[in-house]
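S.K.: Protein sequence lines correspond, in order, to chains V and F.
Per the numbering used here, residue 115 is the first one in the first sequence, and the count goes up by one each step.
Per the numbering used here, residue 1405 is the first one in the second sequence, and the count goes up by one each step.
Keep in mind that the hints were calculated from the coordinates and are not lab data.
Virtual Cβ for every residue (Gly too), placed ideally from N, Cα, C.
One or more of the hints may lead you astray.
To be verified - Which chain V residues face chain F? A few, computed with CB under 8 angstroms, are given here:
1. 337
2. 339
3. 393
4. 397
What the hints assert, rightly or not - Computed cross-link-like contacts, DSSO-like style, restricted to lysine-lysine with a CA-CA straight-line distance of at most 30 angstroms:
5. V:270 <-> F:1754
6. F:1780 <-> V:236
7. F:1754 <-> V:344
8. V:379 <-> F:1615
9. F:1880 <-> V:238
10. V:334 <-> F:1615
11. V:270 <-> F:1707
12. F:1615 <-> V:291
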Amino acid sequence: MRAARPRSARRPFLRTAALSCAVLSAAGTLPACGIGAADEPTIAHKHALTIGVKEDQPSLGVKGKDGTYQGFDVDVATYIAGKLGVRKDRITWRTTNSSVREKALADGTVDMIVATYSITAKRKRAVTFAGPYYVAHQDTLVAPGNTTIHAVRDLKGRKICAVTGSNSWRRVIEERKIAAVPVQAPTYGACMDDLAAGKLDAVSTDDLILAGFAAGRPGKIINAPFTDEKYGVGLKKGDLEGCEQINRAITAMYQDGTAARLLTKWFGKSGLKLTTSVPQFEGCT
Amino acid sequence: MTMTPAQPAAPPGARPPGAPAAAPGTDAPPAAPPARRGRLATFARGRWLRTIPGRIRAHVALVLAALVALLAVLTVAVGNARDSVQTIGHDAGPQVVATSTLYFALSDMDAQVSSILLIGRQHDLGSGYDRMLAAYEQRRADADAAAVQAAQLAGRDPALRQTVQDVLDGLGRYERLVGSAMQLDQKADHPAGEPPKEVVDAYRQATDLMKLELLPKAYNITLDTGAHVRQAYETKRTAVLTGRDWVIVAGAAALLLLVATQLYLARTFRRMLNPALVLATLGTVALTAAGAGLLSAQAGHMKKAKEDGFDSVLSLSRARAISHSAFADQSRYLLDPGRADTYEQTYLDKSLSVVYPDIGDKPLNLENYYAGLKQKVGPYRPHKGTAPFLGFFADEAAAVRNAREADAVQRTLRAYIVVQGDDQEMRSLAASGDRNGAITMRMGRQSGAISHFDAYDAALGSLIAVHQDAFTKQIKDADGGLRGWKAVPPAAAVIALLIVAGVRPRLAEFR
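Bound conformation, chain V alone (with noise of 0.2 angstroms):
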C-alpha cells in the first residue's frame, strides 16, 4: 500500500498536464500539444504538383494529340516546379478552362494555374497570385499589306474580331471608345482564317496570344501596346509561402536567362518586342 503511493502520487500530474494538453488543444492555443506549428497548407513542400493550363493557345498551352502539353506556359510552370523541388515527371497536367480557374484552385483540383491567367484586383480576393511572370500588353495583328493601322485609334471604323466570351474587343469599343466595327468569330483561330480571308481588318487582344496564333500564318503586329495584362501563376488563397518561393524561381528564371531563352523559342519569330527583364510582382496576399 505504501510501496505504492509514490507513483500514484506521481499519476495525477500525468493524467492533469495530458489533460491541461487536451484542453488547450480543444481551445486550439496548442495544435498537437507543442508539436510544430499549425502550418497554412502550401504547394511550395510538394513531391508531385497538379497544374493547371490552356490546350487550345497556340505557343502558350496546347494539347497535343498525343495527350502531352506544350508551350510557353507549360516551359515556365515546368521551371517553376523544378525550383519548388518538382521533378518534370511529378507534374500532372490538367486543362483548366478561363470560366473553372477559381473553383478549381478552391476545390484542390489544380496546385497551381499558369494559364495566361490575369491578375486582376477581383480575383485576387479569391486567388493568391505569384508572379506575374511576364507582362503581356493588349496588342493588334494586321494583315501583311496593312500600312494604315498603327495604332488603336487607328482602328475606328475598321473590321475586327469579337471572340465569344473575350473582353479584348470591349475594351477597345466600350473601354476607349473607339468605334471599330465588331466581327464576331468563335475562336482566335477563326479570327485568323476571317484575316487571311479578308474579311477582317484586325484582330486585338493579348501580345502573346496573338504571336502564337499568328505563328505560321501571315499577318503582322503593329507593336502599339495598350495594356498591361500581368500573367500570374495563380495559388490557392492564402499560401504566401508557395507565392514567395514562386516569385523566387520567376526571378531565377529571368536571372540566369531562361525566361530570355523560352521567350525567344516560342515567340522569336513573331516580330514581336518582348521584354526580357523580370517584371514588378504583384505581391502574395
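Mind docking chain F on chain V? Use the hints.
M.R.: What follows is chain F alone, placed relative to chain V:
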C-alpha cells in the same frame, strides 16, 4: 515542532514494514566494491523511496525539476520573443521599409524628368525648373542610400544581391539617357508641351528602361525582403505562443507537484499548512501566470507591430509611390501624345491599384472610374469591415483600429477624389483639343492640380505616420516587456529556496 509523525516512523534508512527483503545476489553484482557502488545499488533498488524522508526528497526533487523545466521553457520562449522583436522592430523590419524608398525615389526621378521636359523653356511652370532639377538630384541620392540598405539586407542571398546590382547598373544607364534627353531639350528651347521628336524619343528610351527594368526590380526587392520578415515573424510568433502553452503546462505540473507534496506532508505530519510551501505555491502561480500573460502580450505586440505597423507602412508606401508615378503619367500623357493612350491606361491601372470602386458591368475606363469614385468612395466612412471598393486603401480602410486611423483614411480618400477630379478636368481639356489649357491646368501654379496633389500626399503621409507611430509604440512596449524578464531567474531561485526551507524542518525530524 511538537508534532510527531502520524505513522510510527521508520528509522532513516530502515526497511519499511511489509516491504520484502531484497533477494540476495540478484541486484548487486557479487564482486561489487562495497563503498560507492554499494550505495548506488541501494539507490537503484529504490528502497530509500519507501522511507518518509526518501519520499519527501523525491517530492522535492520532482518539484524542483518541474521548476527548472518551467524556467527552461520560459527562457526559450522569451528568447524567441526577443528575436522576433529584434527582427521586426530593430533590424530587418525598418530596413525593409527603407528599401521601399528605392522604388519611390526611382519613380520620382522619372516623374521630375517628364515634368522638366514638358515645361521646356517655361521654367516657372510646375514647381519650377530649378526645384524639379534639385528634386531629381535628391531622389538620386535617396535611391543610392536605399540601395545600400537593400544590399545589406541581401546579405548572402545571391539572387537578391544580383537584383540590387542590376538596379544600380541600370540607374547608371538611365542617368546617361536622361542626360542626353535633357541636353536635346535645352538645345531645342521649346515652349511648354511642344518638345521636338528627338527629345520625346530620347525620353522614351529612358522611361522605358525605368518602367520595364528598374522599377520592377526595386519593387521586388522590397517584396522579397518583406517576405523574409513575414516568414521570420510567423515562425517566431508561433514559437512564442507554443512556448506560452508549454509555460502553462510546466507551471501546472510544478503546481500539482507542490500540492501533492503539501498533501503528503499534511497527511504524514498532521499539519494543515506549511507556510513556506504555500508561499512557494503562490510564487509558482504568479510566475506561471506572469510568464504566460507576458508571452501572450508579446505575441500581441508583435502581431500589432506587424499588421498595424509594418504591413500598413509598407503597403501605404507602395500606394504613395504608385500615386506619384500615376501623377507623372499625366505629364507623360501631355509630353508624348503618340503614347497618350498608353499613358492614360497606365494611369488608370495605377489608380485602380490604389482605389478600385465597384463599377458593375460598365466598361472599365476613366470616365466610369471618376463616377464610381464619387458614388462609392465619396460618401464612405471608414469603419471595420469590408470597404465598398478594392485596392491599397480598401485594405487599410477595412483594418482601421481606432478613430485616428479612420480619420486619416477618410482625409486621404477625400484628397484622392479631389486629385482625380483635377485629372478628369485636365483630360477633358486635352481631349477637346486645348492642349495648352491642359498643360496650364496640370502644371500651372494657380490651377491647383499640384497643390491638390501635395495635399493628398500630405494626407497619405500622415496616414503612414499613424501606422509608423503604432509600430513604434508596439515595439517599445515589447522591449519594455522583455526587460522584465531579468527578474525571472531570481524569482525561480526564491521559490526553490522556499521549497527547501519548507521541507527542511520535516526532514530534520528524522535526524
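S.K.: May I ask which of the numbered hints given earlier this structure violates, with the numbers listed in increasing order?
M.R.: Of the numbered hints given earlier, those the structure breaks are 1, 9, 11, listed in rising order.
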